[in-house]
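Chains as they are written, first to last, in this note's numbering: chain A, 270 to 573; chain B, 270 to 573.
For the record, the hints were derived by calculation from the structure and aren't laboratory data.
It is possible that part of the hints are untrue.
Stated by the list, open to error - Residues from chain B shown here face chain A by an in silico Cβ test under 8 Å; the list is partial: (1) Ile300; (2) Gly428; (3) Ser429; (4) Val448; (5) Leu553.
Backbone N, C-alpha and C define an ideal beta-carbon position, used for all residues, glycine too.
Number of protein chains: 2
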Amino acid sequence: MSMPHLTQARAPLTREVEVMNQHGERESIFIPAERDLTVYVDKRELVTLMTLGAHPEWLVLGYLLNQRLVRSIDEIESVTVDWDVGAASVKTRHGIDRIEERTAKRVVTTGCGQGSVFGNLMDEIDQIRLPEASVLRQSELYEIVNAIRLKESTYKSAGSVHACALFAGSALSLFVEDVGRHNAVDTIAGWMALDEASGPHQAHGMLPSQVADPSHLKKVFYTTGRLTSEMVIKSAQMGVAVVVSRSGITQMGLEVAQRVGLCAIGRATNKRFLCYANAQRLVLDAMPPEAPVVSAGESKALSA
Amino acid sequence: MSMPHLTQARAPLTREVEVMNQHGERESIFIPAERDLTVYVDKRELVTLMTLGAHPEWLVLGYLLNQRLVRSIDEIESVTVDWDVGAASVKTRHGIDRIEERTAKRVVTTGCGQGSVFGNLMDEIDQIRLPEASVLRQSELYEIVNAIRLKESTYKSAGSVHACALFAGSALSLFVEDVGRHNAVDTIAGWMALDEASGPHQAHGMLPSQVADPSHLKKVFYTTGRLTSEMVIKSAQMGVAVVVSRSGITQMGLEVAQRVGLCAIGRATNKRFLCYANAQRLVLDAMPPEAPVVSAGESKALSA
Numbered sequence: 270m271s272m273p274h275l276t277q278a279r280a281p282l283t284r285e286v287e288v289m290n291q292h293g294e295r296e297s298i299f300i301p302a303e304r305d306l307t308v309y310v311d312k313r314e315l316v317t318l319m320t321l322g323a324h325p326e327w328l329v330l331g332y333l334l335n336q337r338l339v340r341s342i343d344e345i346e347s348v349t350v351d352w353d354v355g356a357a358s359v360k361t362r363h364g365i366d367r368i369e370e371r372t373a374k375r376v377v378t379t380g381c382g383q384g385s386v387f388g389n390l391m392d393e394i395d396q397i398r399l400p401e402a403s404v405l406r407q408s409e410l411y412e413i414v415n416a417i418r419l420k421e422s423t424y425k426s427a428g429s430v431h432a433c434a435l436f437a438g439s440a441l442s443l444f445v446e447d448v449g450r451h452n453a454v455d456t457i458a459g460w461m462a463l464d465e466a467s468g469p470h471q472a473h474g475m476l477p478s479q480v481a482d483p484s485h486l487k488k489v490f491y492t493t494g495r496l497t498s499e500m501v502i503k504s505a506q507m508g509v510a511v512v513v514s515r516s517g518i519t520q521m522g523l524e525v526a527q528r529v530g531l532c533a534i535g536r537a538t539n540k541r542f543l544c545y546a547n548a549q550r551l552v553l554d555a556m557p558p559e560a561p562v563v564s565a566g567e568s569k570a571l572s573a
Numbered sequence: 270m271s272m273p274h275l276t277q278a279r280a281p282l283t284r285e286v287e288v289m290n291q292h293g294e295r296e297s298i299f300i301p302a303e304r305d306l307t308v309y310v311d312k313r314e315l316v317t318l319m320t321l322g323a324h325p326e327w328l329v330l331g332y333l334l335n336q337r338l339v340r341s342i343d344e345i346e347s348v349t350v351d352w353d354v355g356a357a358s359v360k361t362r363h364g365i366d367r368i369e370e371r372t373a374k375r376v377v378t379t380g381c382g383q384g385s386v387f388g389n390l391m392d393e394i395d396q397i398r399l400p401e402a403s404v405l406r407q408s409e410l411y412e413i414v415n416a417i418r419l420k421e422s423t424y425k426s427a428g429s430v431h432a433c434a435l436f437a438g439s440a441l442s443l444f445v446e447d448v449g450r451h452n453a454v455d456t457i458a459g460w461m462a463l464d465e466a467s468g469p470h471q472a473h474g475m476l477p478s479q480v481a482d483p484s485h486l487k488k489v490f491y492t493t494g495r496l497t498s499e500m501v502i503k504s505a506q507m508g509v510a511v512v513v514s515r516s517g518i519t520q521m522g523l524e525v526a527q528r529v530g531l532c533a534i535g536r537a538t539n540k541r542f543l544c545y546a547n548a549q550r551l552v553l554d555a556m557p558p559e560a561p562v563v564s565a566g567e568s569k570a571l572s573a
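Isolated chain A, as found in the complex (with noise of 0.2 Å):
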């Protein structure tokens, strides 16, 4: 397979600015920076992405892949980035079939807004077989939380920004934020076409959940935010059959993890979390004693 070329983009996460608090007092703080990346496949312009600017590269490339504008990233030849401009040019190496058309039809999704899908996502879930054998053990779960409440390192100087992680097993293969959680997640889908491009398992043009590839067992998404159906059918799409996250679930994304088979975790902070479907995935090897603390956030979002 050849892999494409990539530049590597640089450019600042946070930008100081001045605030005034409730004493009327001026202060410096750290806010999110966040850029409009306009993005051109084969000189023709597609889309304007508003991105924390961390990985610019992958990101676009997870966005054409989730987009199913490509189905390989075998199909780009280079991802060149250029902040200066606030432009990502792709470069494919036959063009992307019937741009036009599979660009036209928008669906406007919730996370935590009006998002934007190309195509028809939702008809092809029910292609998405995801692996039986994919499973996550409590204590591994246990160890993802740690592991992301240790990491995330623009919210705690910034804040406003969504993280998400790719873990296999327990061990974080790549954490990465962003102003928006659907960014975060396309920069994965990125990073991780590329990483199983480059490894000895190579997928050549086949879609992630048909890749027989065992490390891909293992492979857990994680997300701050809530599991919309778009962050489901995302995950779906990358053969993950394993989501965590921090926040709730909503219907669609509840009614996504059934029918596609993914389990669901959600409200994952210590050692509590509620799992919304396909729990057979799950190995309770690490029970927590009975009645363990509950936190005001947590009983509140979840009492009636």
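Mind docking chain B on chain A? Use the hints.
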């Protein structure tokens, strides 16, 4: 002015589901409902919104206004929502001029994900002049934060929704929850346009920001979500010069607030807040005693 005819479609806002907790026990919780609502304008499919579904008619009106597809509700003859088929049929009085062209350009924004703004909203913001006399008192801000704390209903029972509210001074005009916070603000925009059209100060096809309505000066927009550029733009489009958020601000949100003269207040909990832009609109009449108790979450989010 002719008021549009609106249905009053109703649907349950939460759904009870069975989950498994960390002790391997089954329990019942509520999750927010989430429905797809496909908007047709004069029988032409425009967009599919994923929504909690509390006020679908106001949502559709506000969406059309905030996307600048219509300038006044005067242009709308009716909005007919039918949850059985997940459709909102909009009938305009005279059609929407150049609708194909104006819905062609996509900007995928932050809104926790990849939102969709048709056209060139950013180009429009320089035309917005927010009234200089619009101010908020600190004492009113504290009343707003407290009113929200007492209010949030779906969030309390099911979590995973965002809330927006419109205040007149410290008096709550409308409180809206939705799975997508852009839906919540669009719903407020729709309600506000109806309210102004039916009141003594009729808008007659003017932009809300151009209306010389004294009651407008007291308007404050509250959101539980982050102050992204899109949230700030939508508030400015509604002619509301003060926004308050429980969360923080992104860089583009701050830049837009500075550019349009909008007072942006974030991290508003209890007696604490940060004013990010245009602090001259905030009258400090209720400063708390020095050195208040800082909650762990807040200090974490703000310390570098």
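So, going through the hints one by one against the coordinates:
no.	hint	verdict
1	Ile300	holds (6 Å)
2	Gly428	holds (4 Å)
3	Ser429	holds (4 Å)
4	Val448	holds (5 Å)
5	Leu553	holds (5 Å)
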